[in-house]
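J.: Going line by line, the protein sequences match chains A and B. Residue 216 is where the first sequence ends in this note's numbering, and the numbering goes up by one at each step. Residue 610 is where the second sequence ends in this note's numbering, and the numbering goes up by one at each step.
Simulated from the structure, these hints should not be mistaken for laboratory data. No false leads were mixed into what you were given.
Computed footprint of chain A on chain B, listed as stretches where at least three residues anywhere in the stretch have a Cβ under 8 angstroms from a Cβ of chain A:
{"#": "1", "segment": "271-277"}
{"#": "2", "segment": "531-537"}
{"#": "3", "segment": "585-596"}
Beta-carbon label-pair distances, calculated as ranges:
{"#": "4", "chain 1": "B", "residue 1": "L319", "chain 2": "A", "residue 2": "F131", "range": "42 to 48 angstroms"}
{"#": "5", "chain 1": "B", "residue 1": "K304", "chain 2": "A", "residue 2": "E127", "range": "29 to 35 angstroms"}
{"#": "6", "chain 1": "B", "residue 1": "K304", "chain 2": "A", "residue 2": "I110", "range": "44 to 50 angstroms"}
{"#": "7", "chain 1": "B", "residue 1": "P343", "chain 2": "A", "residue 2": "S130", "range": "56 to 62 angstroms"}
{"#": "8", "chain 1": "B", "residue 1": "L265", "chain 2": "A", "residue 2": "A13", "range": "22 to 28 angstroms"}
{"#": "9", "chain 1": "A", "residue 1": "E125", "chain 2": "B", "residue 2": "L291", "range": "31 to 37 angstroms"}
{"#": "10", "chain 1": "A", "residue 1": "D84", "chain 2": "B", "residue 2": "I303", "range": "51 to 57 angstroms"}
Here are some chain A residues pointing at chain B (derived, C-beta under 8 angstroms):
{"#": "11", "residue": "Q2"}
{"#": "12", "residue": "A16"}
{"#": "13", "residue": "M19"}
{"#": "14", "residue": "S22"}
{"#": "15", "residue": "R28"}
{"#": "16", "residue": "I30"}
No residue lacks a Cβ here, since even glycine has one placed at the ideal position from N, Cα and C.
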Amino acid sequence: MQIPGSGILKGLAVTARNMIGSYFEPERLITQQYPEEKPKLPERARVFPFLIYDGSDPETGIRCTSCKICEKECPPQCIYIVQDRDQNGKPIKRPKIFNIDISVCMSCGICVEVCPFDSIRMDTEFELSSFDRFSSLILDKSRLLKPNSYYHQIHPTEAAQTDERIEAERRKKQAASAAKNTPSKPTTPSQPSTPPQTPNSIQTERPPASTPAATS
Amino acid sequence: MIEELPTRLYAWFLQLLQKIGLPSIIVDIVGAFLIAISTCAVFLALFALTSVLERKILARVQNRLGPNRVGPFGLLQPVADGIKMLIKEDIIPHNADKILHFLAPVLALIPSLLVLAILPYGSNLVPVNLNSGLLYYFAISAIAEIAIFLAGWAGNNKYSVLGAMRAIAQILSYELPLATSALCVALAAGSLSLPQIVQSQNNYLLGLFPNWFLFTPWGLAAGLVFFIAALAETNRSPFDLPEGESELVAGHLTEYSGFKYATFFIAEYVGMFAICALFVTLFLGGWLPPLPFLAFIPSWIWFFAKVCFIAFVMIWIRATLPRMRIDHLLSFAWKFLLPLAFSAFFALLLWHYLGRNILSSLLSFAFIVAAYFALGYPFTQRYSPRKRTYLFSE
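Let the hints inform the model, and build the full structure from the sequences given.
T.: Take a look at the structure:
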């Protein structure tokens with residue numbers, strides 16, 4: 001026969017064990033004291049995209065060639081790119097304006113998947129709230145550009161893989177240029193992506209109206 | 217020295233007033249106010265402390281940290297809460313009865329402060345030594361029920377009326393076992409005066425074991441009934457369904473905001489401490505130390521330590537048990553608590569008239585255990601509804 005009230009005592013024992021345990025077993029307390037203690041994000045966490053540059057100077061080291069594939073693929077169309085030109089008005093492979101409207105961005109990561117130059121990657125920075133609804137939520141080139149070391153810091157595995165791939169491609173290219181006399185060789189994997197890039201960047205001098213992010 | 221600290225401070229202050237040259241009647245009035253204000257202040261301070269410690273304990277039970285932002289360890293949280301409550305808008309509904317709406321929180325707070333007058337806080341610390349203190353306690357605390365119904369009615373809101381009706385049904389049902397179990401103590405001590413009830417528990421079995429009423433066979437049952445009924449009287453969980461937010465927005469508190477709401481909370485917590493203090497006085501030997509050689513610790517420290525322990529048990533129960541259903545609540549009061557209180561009464565008669573010795577204790581203990589199992593048996597059975605028969609279908 002069951003003793004009346006024994007269930008209550010059992011429940012009281014459980015709560016007492018939890019209460020006393022929370023003082024002696026720190027693994028029980030899973031609360032993160034957020035502003036002081038930053039959350040440990042999983043390695044593949046992604047928030048908004050950023051641009052990678054090599055070396056120390058963001059202007060010369062920028063990997064982006066302004067091919068505008070990401071701009072075209074972006075589902076909510078939050079990327080706006082204008083290609084840079086030299087003094088003669090000749091387009092150069094570098095963006096003059098690169099804006100991402102993070103109030104529109106949906107963190108899908110498609111821009112990262114399509115980028116043939118490994119120049120755009122997902123950031124883990126999430127403290128982006130501001131008092132200004134418009135200009136501070138449009139990240140321009142100066143806020144987007146971050147060094148490759150930062151990429152290694154936030155996504156070590158992914159960054160190492162990317163670096164390996166770039167290194168392998170560079171070696172292949174070197175080998176190809178070294179063996180110039182054989183013309184069949186220079187069909188490197190990076191080659192197919194470059195042909196569409198050149199005509200695009202020259203012809204599409206679209207007005208800003210095509211990107212809703214820039215107009216808002 | 218520390219034992220007599222409050223009384224000495226009081227006497228010193230009155231002497232100071234007399235030295236200034238005030239007439240003796242004014243000195244008496246000031247002295248009375250001093251006692252009243254200091255008693256209220258102690259319990260309001262306890263309320264403030266509990267409001268944060270309760271949240272801390274509940275959090276720890278749920279493996280959280282609890283409030284820790286305001287002040288060291290979050291101990292200044294009640295200050296922040298008080299400021300928040302004070303600067304909030306005091307909303308009076310358009311169709312509310314404005315006078316009653318104002319009166320209800322006041323009427324809730326006053327009785328819970330009034331009952332503090334008769335509790336013996338220490339060996340010589342009784343604000344008012346009434347010879348019918350127990351009766352006074354139950355008479356005054358009954359006013360709080362009117363306040364709850366007034367609050368529910370004045371808001372002109374269906375939820376608050378429903379909550380108030382539940383509260384009345386609950387408090388009236390639990391008043392009976394509460395009073396019956398307190399009556400057992402009054403009979404055993406032979407007095408309704410609370411200081412005398414404490415004095416009657418003032419001896420130690422074999423010079424070691426405290427002779428408190430909770431440790432008598434009938435007192436075990438009466439204490440259990442009193443404690444459970446006290447939980448229900450003060451609307452503590454698991455009997456907090458007058459303000460069950462899952463079905464009635466906040467019960468009788470629905471239409472209250474700002475400081476009136478806070479007043480209800482103060483009343484509830486002070487009432488909780490008052491009933492804890494009454495429990496300690498009746499069953500746990502009031503200000504008596506648990507072991508005779510611990511008497512060097514001042515009696516009022518023992519009293520408040522016991523009160524805080526009982527309040528902690530109440531919070532512990534709140535962290536453990538879910539809210540009851542209203543029909544379960546009432547059937548528990550009428551089918552279990554009240555018969556158990558009566559059987560405690562009979563056990564007390566057995567114990568007393570067979571001579572208060574070991575044999576009578578054993579007999580009355582056997583009686584109590586039998587009554588407990590017999591009364592508790594239906595509650596251990598799993599509820600299985602009968603097969604429903606339909607009149608017109610099939």
